[in-house]
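Chains as they are written, first to last, in this note's numbering: chain Z, 1 to 486; chain H, 1 to 275; chain E, 1 to 563.
A couple of the hints might just be wrong.
To be verified - Pairs of lysine to any residue, SDA-like flavour, derived with a Cα cap of 20 Å:
# : chain 1 : residue 1 : chain 2 : residue 2
1 : Z       : K398      : Z       : R378
2 : H       : K122      : E       : W149
3 : H       : K44       : Z       : R98
4 : E       : K261      : E       : D278
5 : H       : K42       : Z       : K398
6 : E       : K84       : Z       : R98
7 : E       : K79       : H       : E145
8 : E       : K275      : E       : N260
The set of hints was computed from the structure by calculation and includes no laboratory data.
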Amino acid sequence: MPVVKAVTCPVCGSLCDDIELTIQEGKVVKVKNGCAMCESKFLGYNGEHRILKPLIRKNGEFVKTSVKEAVKRAAEILAEANYPVLYGWSSTNCEATRVGIELAEEVGGVIDNTSVICHGPSILSVQDVGIPSCTLGQIRHRADLVIYWGSDPWSAHPRHIERYTAFSQGRFENSAWRGYLTKIKASQVRKKIESAVRRVFLKEAPSIPPLIRREPPPSIFREGRKLVIIDVRRTRSAQMADYFIQVEPNRDYELLQAFRALIRDEELEVDQVAGVPVEYLEEVADVMIRCNFGVLFFGVGLTMSSGKLRNIDAALSLIRDLNMRTKFVIMPMRGHFNVTGANTVSTWQTGYPYAVDFSLGYPRYNPGETSVVDVLLRKESDAALVIASDPVANFPRKAVEHLVKNPLIVIDPHMNATAQMADVVFPSAFVGIEACGTAYRMDHVPLPLKKVVEPPRGVLTDEEILRRILSEVKKMRKKRQVEVAA
Amino acid sequence: MIKLTPAKEFQFPINAECINPDVLSGKTREEIEKLKIWEGNKPKKIGELFKVEENRTENPLEKEAAITIHGNVSKARRIGADMKNGEIVILGDVGMHLGEEMKGGKITVHGNVDSWAGSMMKNGTIEIHGNAGNYLGAPYRGCSEGMHGGKIIVNGNVGTEAGAHMKKGIIKIYGSAGQFVGFRMCDGTIYIQKDAEPRAGACMTSGKIVIGGFLESVLPSFTIDSIKGKVKIEENEVAEGPFYLFLGDRVEHGDGKLYVFKTKNPHLSHYEKYL
Amino acid sequence: MELLIKNGFVFDPTNGVKGEKMDIAVSDGKIVEKVNERKAKKIDASGMIVMPGGVDIHCHIAGSEVNTGRLLRPEDHFKDFERKTSTTRSGVGYSIPSTFTTGYRYARMGYTTIMNPSMPPLEAKHTHEELSDTPMVDKASYPLLGDWWFVLEYLKDGKIEECARYIAWIMSSTKGYAIKIVNPGGLEAWGFGHNVSSIDDQVPCFCITPREIIRGLCKVNKLLNLPHTIHVHTNNLGKPGNYQTALETMKCVEDLYDGNKPAIHITHCQFSAFKGDDWASLQSGAEEIANYVNTHSHVTLDMGQVIFTDTTTMTADGPFQYTLYELSGNKWVNHDVETETSAGIVPFRYRRKRYVHAVQWSIGLELALLIKDPWKIFMTTDHPNGGPFTSYPKIIAWFMSKKAREAALKRINPRARSRSLLPTIDRELNFYDIAVVTRAGQAKALGLINKGHLGVGADADIAIYNVNPEKTDPSRKYKLVRRAFKRAAYTVKDGKIVVKDGEVLKHVEGATMWLDVQSLEPAKITDDVKRRFREYWTVEYENYPVTEDYLEVSNPIPIKACV
C-alpha cells in the first residue's frame with residue numbers, strides 16, 4: 001500500500017507536517033503521527049454532507065446544474081452588485097486567496113477572512129504596538145518559560161505542546177515531559193493516599209481541589225522548562241502547568257497591566273487584581289523576568305474577553321517591556337489552518353491583512369468600517385460570496401439575517417449551514433487532501449499542502465472555480481463597456 | 001448656502017468627502033450637482049443622490065451655515081473631511097469619519113454620529129447633539145497621531161476609545177463614555193459629565209481626564225495622588241468636586257491626571273489609605 | 001517582435017559607450033545588431049538618454065519581514081494608493097508598497113532588475129510567492145546563511161568543502177542567488193537576547209567568531225564560483241564607532257582576493273561608517289572607508305543613503321532593530337527564525353534637523369563621492385531602511401549637482417552641516433557615471449552577464465529618460481534631471497514597451513533568477529542529515545525546499561562549482 005510521508009495536516013494553525021498517510025484504492029485508510037482532529041479529518045472528510053454537483057436555487061429549491069451555468073450565475077451576481085462581500089479564505093490555500101483578491105478588486109467588493117471573528121483584534125493591536133515574535137522552532141530550542149493565556153492547546157492545538165513547546169526537545173532546552181510524568185504520578189499517588197486516609201479515618205466525602213493553587217509547586221525550583229496557564233477556567237492544559245492563574249472573566253486587561261507594572265518594579269496599591277492576590281502575581285512576574293527565553297501564546301480567550309484588541313495591546317506591550325529584562329516573545333494561537341496565509345496574501349497584494357474594501361477601486365482598510373461582520377450588521381452589502389467557511393453558523397444573528405437576504409454564492413466541499421441558504425453552491429475539492437497548495441503556519445512559516453487523493457469526478461479546486469468566475473466577470477464587464485460605448 | 005436633502009434612503013456606503021464647504025463654496029447649484037460621489041462601488045454625481053438647493057432660511061440653527069443637510073445621512077462617510085473653513089449643519093444622523101482631519105470651521109449635528117468623528121482633527125469645532133460612536137477623535141489604524149487641537153462637544157453618550165492618542169484640544173461629553181476613554185492620550189483634556197466604563201486613561205502619558213460620574217474601577221497601574229476640590233475644564237469652565245486625583249499610567253511612565261468624582265465613587269475610598 | 005530605438009544618446013558603460021548618438025535594435029527580447037527598419041516598431045529617442053534598465057543590488061521588496069512591515073503600517077499606506085486601471089492592479093505605498101505597486105513604481109523609474117537581499121531559507125517560499133506577484137522586473141533573492149547552524153558547525157570544524165556542498169544545496173533549494181551574511185554570529189546570539197560586539201567575539205554555544213564565518217563563507221563563495229561575492233551586513237551596524245568594524249570586515253578577507261573578482265560586498269555601508277564614541281559625538285567615518293576602498297580592489301559597496309522622510313526600517317539584524325526601537329520608542333516587530341536568522345522592523349522618521357540623521361544623510365553621499373571608482377560603489381537606499389526606492393531620482397540629482405547638495409545642506413541640522421565633508425567635495429557625477437552606479441556597476445558586481453548593458457546578446461531591458469545631455473547642464477538644472485529619472489520616457493522590458501511617459505502601459509511578469517549550483521559531488525542527504533533536520537527545524541526535510549512551481553517565471557542560472 002502506498003504511504004505518503006511528510007503530509008501537512010489541514011486542520012489547525014499548528015500545521016504539523018509529519019503526517020504519514022496510507023492510501024488504498026484512492027482512499028486514506030491509515031493516519032500516523034496525527035492527533036485526533038487530524039485523524040478524523042483525513043479519515044472522515046468524505047462524509048455524507050459532501051456535495052458533488054453545483055447547485056442553483058430556482059423557485060426556492062436547489063437544482064443540480066453544470067459548472068458552466070453556476071459560474072455564469074455567480075458572475076452575474078457579483079458583476080451587478082454595488083457592494084458585494086467575499087468572505088472566508090482561512091481554510092483554503094494561498095493560491096485561491098490570490099485569485100479571490102483579484103476577483104474582489106474586479107467587482108469592487110469587500111474581501112475579508114475569518115480573522116475578523118478571531119484574531120482580528122490581535123492584528124489591530126500589532127499595528128499599534130508591534131510584536132516581538134519568532135518561529136516555533138526557536139521556542140522549541142530555547143524557551144524555558146511557556147505561558148498560554150486564554151487558550152487551551154491540549155484541546156484546540158493538540159500537538160502544539162509536544163511539537164513546539166514544553167514537551168518538545170530542543171538544542172538548549174530539554175523536554176519537560178518526563179518531569180511532568182513523574183509529577184503526575186506522584187500527585188496521583190498522593191491524592192489516592194489522601195483520599196483513602198480521609199475516607200477511612202475521617203469518614204469524609206472526597207473533596208474537589210481548590211481552583212487556585214496559591215503555593216508555588218516545587219517544580220518551580222527545578223531547572224528546565226516551566227509551563228504557566230492563565231485562563232478563566234481550569235482547562236485540561238492547566239492540569240499540567242507549573243503555575244495556573246485563574247483570572248476573573250473579562251478582567252484580563254487589568255491583570256496584564258498589573259504584570260506590566262510589576263515587571264517595572266512598581267508597587268501596586270491594590271491587594272488583588274482580577275481575583276488573584278498581588279503576592280502571587282509578583283511571584284509569577286519574577287519567574288518571567290528570571291527566565292532565559294520566555295514565550296506567551298494567547299488565544300481567542302484573550303482577544304474576545306472584554307477590551308478585545310486592547311487586551312492584546314497590553315499583552316504585546318508586556319512582552320515588549322519584558323525584553324528590557326530578558327528575551328521574551330509572543331504569538332497568537334491561530335485556529336484555522338491557513339488563516340495566517342489568508343492574512344499574508346492579502347497583505348502583500350493589498351497592503352492590508354483583512355477587511356479590505358475595493359469599492360473605490362483601490363484597497364482601503366478599516367476594521368469596524370470595512371469588516372464583513374460590521375458591513376452585514378449595517379445591512380450594506382447586496383451580494384456575497386462565501387468560501388471555505390460557515391458564517392451562518394458563526395456570525396451574530398443580525399449579521400446572518402442580512403447575509404442570507406443577499407444573493408449568496410458558496411464554495412465549499414460540504415453542505416454546511418451557509419450552503420443551505422445559498423443561491424449558488426459550488427462543490428470543491430478538500431484543500432490539503434484533494435488539492436495541493438500552500439498554507440502558512442501560525443508563525444508565518446509556509447508549508448506545502450499535498451494532494452494525496454483525487455477529488456470526486458467533476459469537482460474542481462477552489463482556485464479553479466474562482467478563476468472561472470473571475471474570467472466570466474471580466475468577460476461580462478467588457479461586454480457591458482462595449483454596450484455603453486455603443 | 002447650500003441645502004442637501006437625500007433623494008432616497010441609502011443602502012450602500014456613500015463616500016462623500018466632497019460635502020465640504022471648501023469644495024462647494026463658489027460653485028453654482030448645477031456645478032455642485034455634477035460633483036463626483038461614490039455610492040458603493042459606483043461613481044455617481046451628487047445630483048443623483050441628493051436634492052441640491054440654495055438655502056435661504058431664517059431658521060437660526062442653520063442660518064450661518066455654508067452647507068445644511070436635512071435628513072438621514074448615516075451611510076455618508078467623510079463629510080467635512082479635511083475642511084478648513086465654513087460651517088456644516090446636519091439635521092439628522094450622519095455616518096463615519098465626520099470631519100476627519102478637519103483643520104478649521106464648524107460642524108453641528110442635530111442627531112447621532114457614527115464612529116471616528118473628528119478623527120485626527122487639527123482644529124475647528126464639532127458639536128454633536130445626539131450620541132457619538134466609537135473612536136471619537138481617535139486616529140486611523142496603526143497611527144499614533146490623534147487629535148491635535150480643536151474641540152468636540154457631545155451632548156449624548158460616546159462609544160469606546162474616545163480621545164485615543166489625543167495630543168491637544170478638548171473633548172466634552174455630557175453623557176457617558178465607553179471603555180478606554182483617553183487611551184494612550186498624550187495631552188489635552190477629556191471631560192465626561194456622567195459615568196465612564198472601566199479602563200479610563202489606559203496607557204495615558206499626560207493630559208487630563210475628568211469623570212463626573214461613576215467609574216467601576218481604576219486600573220491597577222494608576223496611583224492615587226490627592227483629593228481636589230475642583231478641576232478646571234477649560235477657560236471659564238470648572239467642574240466642582242471633590243475629585244480623587246490618580247496619576248498614571250505608570251506602565252508607560254505616564255503622569256497623566258485622572259480625576260474621578262469622589263461622591264459617586266465610594267468604592268474607591270480604599271485608596272485613601274495611601275494618601 | 002522587433003523594436004528600434006533611434007537617435008538616443010546612449011550610455012552603456014560596460015561597452016564603453018559614452019553618450020554617442022546611436023540606434024539600439026531589439027529582437028525577441030534581446031539586443032541585436034540590427035533589425036528590419038521597416039517592420040520594426042520605432043521609438044524616437046532623439047534628445048533623450050538611452051541606458052540599460054536600472055539594476056538594484058539591494059532592496060527589501062518581498063518576504064516575511066517586508067510583509068510584516070506592510071501589515072504593521074496601515075498608516076503608511078492609506079494616503080498613498082494606486083487605483084486599478086484596465087492594465088494594472090491596484091495597490092498601496094508608501095515606504096513598503098504592495099507587490100504590484102512595487103513593480104510598477106520601479107518600472108516607472110526605468111528599473112528592470114531587482115535584488116531582494118534577505119530571505120530566511122525556512123520562509124523562502126513566502127519570498128518567492130511575493131516575487132511572483134511583483135511584476136515588471138526580473139528579480140532574485142539572497143538567502144541568509146551567516147547564522148545557519150549547518151554553516152556554523154561545518155566552519156567551526158574547518159570543513160569548508162562540506163559546507164560548500166550544503167550551501168550549493170541550499171542555493172538551489174531556496175532558489176537563491178547569493179550568500180547573504182547579516183551581523184554574523186550576532187543573530188545566533190540574539191536568540192537569547194545577546195549580540196556580538198566585534199568580529200573576534202565568540203558566538204555563544206558555537207565556538208566560532210564572526211571573522212571565521214565571514215572568511216569561511218568567502219572561501220565557500222569562491223569554491224562554488226558564485227557570480228556575486230558574499231553580501232555582508234557588518235557587525236555593529238548602526239553603532240557609533242562602527243567604521244572600525246567595517247574596515248576590519250573588509251580587511252579580514254583581503255588575502256582571499258584573487259586579483260580578478262572582488263571578494264566581498266559591504267552593503268548599505270552608510271550604516272557602518274559611523275565615527276565617534278556615542279550619538280552626541282557621532283561623526284562621519286566615510287573618509288576612512290573611502291581611503292581604504294580607493295586603495296583596495298577586493299571590495300564593492302552600496303550606499304544605503306538616508307532620505308529625510310518617514311520610512312520603515314527592516315533588517316535581519318534583530319539586535320540592531322531592538323536598539324532602534326529603544327531609541328525611537330516606535331512600534332517594534334521582532335521575528336526570529338529557528339536555526340537560521342532573525343529579523344526586526346521599526347518605523348522611523350529621518351528628520352533634517354536631527355543631528356544624527358543629518359550626519360547619516362551626509363555619510364552616504366560622502367562615501368559615494370569620495371570613492372573615486374564608480375564601479376565600486378552603487379546607489380541604494382537599502383529600501384526601505386534609508387528611505388523608499390522612489391527617492392532614487394533625488395540621489396541622482398545630489399550626485400550630479402553640487403548645487404543640489406548645497407540646497408539640501410542648507411536645510412539640515414547646523415552642527416551636522418558644519419561637520420559635513422560635502423562642502424569640500426566638488427565632484428559631480430556625469431550621466432556615464434550615473435549609468436555605472438545605477439546599473440552597469442551593479443550588474444557587474446552581481447555577475448549578471450545579460451543585464452546592465454546594451455551590447456548584442458544582452459536582455460532588452462532598456463530605460464529612456466527625457467533629458468538632453470547636450471543641452472542640459474545637470475549641475476545647474478538638477479531639478480529637470482530629477483524629473484526625468486522619476487518618470488522614464490520609456491521602459492522596455494524583454495523588448496516590450498511597458499512604460500511610456502511614466503505610465504505603465506502593460507503588466508508583464510518578470511523572471512526570478514536563481515543559481516542552479518552543480519557541485520562535482522552533491523551534498524549527501526543521509527538519514528543522519530535528515531535526523532539533524534528534524535532536530536533543528538520544526539518542518540520535515542521534504543517540505544523545506546522551494547519547488548520550481550513557486551516561481552511564476554523561473555530563470556535558473558547553471559553554475560559549475562569546484563567542489
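Hint check results:
The suggested pairing of K398 of chain Z with R378 of chain Z holds, with an alpha-carbon distance near 9 Å, which does not exceed 20 Å. The suggested pairing of K122 of chain H with W149 of chain E is violated, with an alpha-carbon distance near 53 Å, which exceeds 20 Å. Restraint check for K44 of chain H and R98 of chain Z: not satisfied, since their Cα atoms lie roughly 30 Å apart, outside the 20 Å limit. With a CA separation close to 36 Å, the supplied pair K261 of chain E and D278 of chain E exceeds the 20 Å bound.
Using a Cα cut-off of 20 Å, the hinted pair K42 of chain H and K398 of chain Z is violated, with the two alpha carbons roughly 26 Å apart. At most 20 Å may separate the alpha-carbon atoms for a hinted pair to count; K84 of chain E and R98 of chain Z meet this at roughly 16 Å. For the hint linking K79 of chain E to E145 of chain H, the alpha-carbon distance of about 14 Å falls within 20 Å, and the restraint holds. Between K275 of chain E and N260 of chain E the CA atoms are separated by roughly 31 Å; this puts the pair beyond 20 Å, and the hint is violated.
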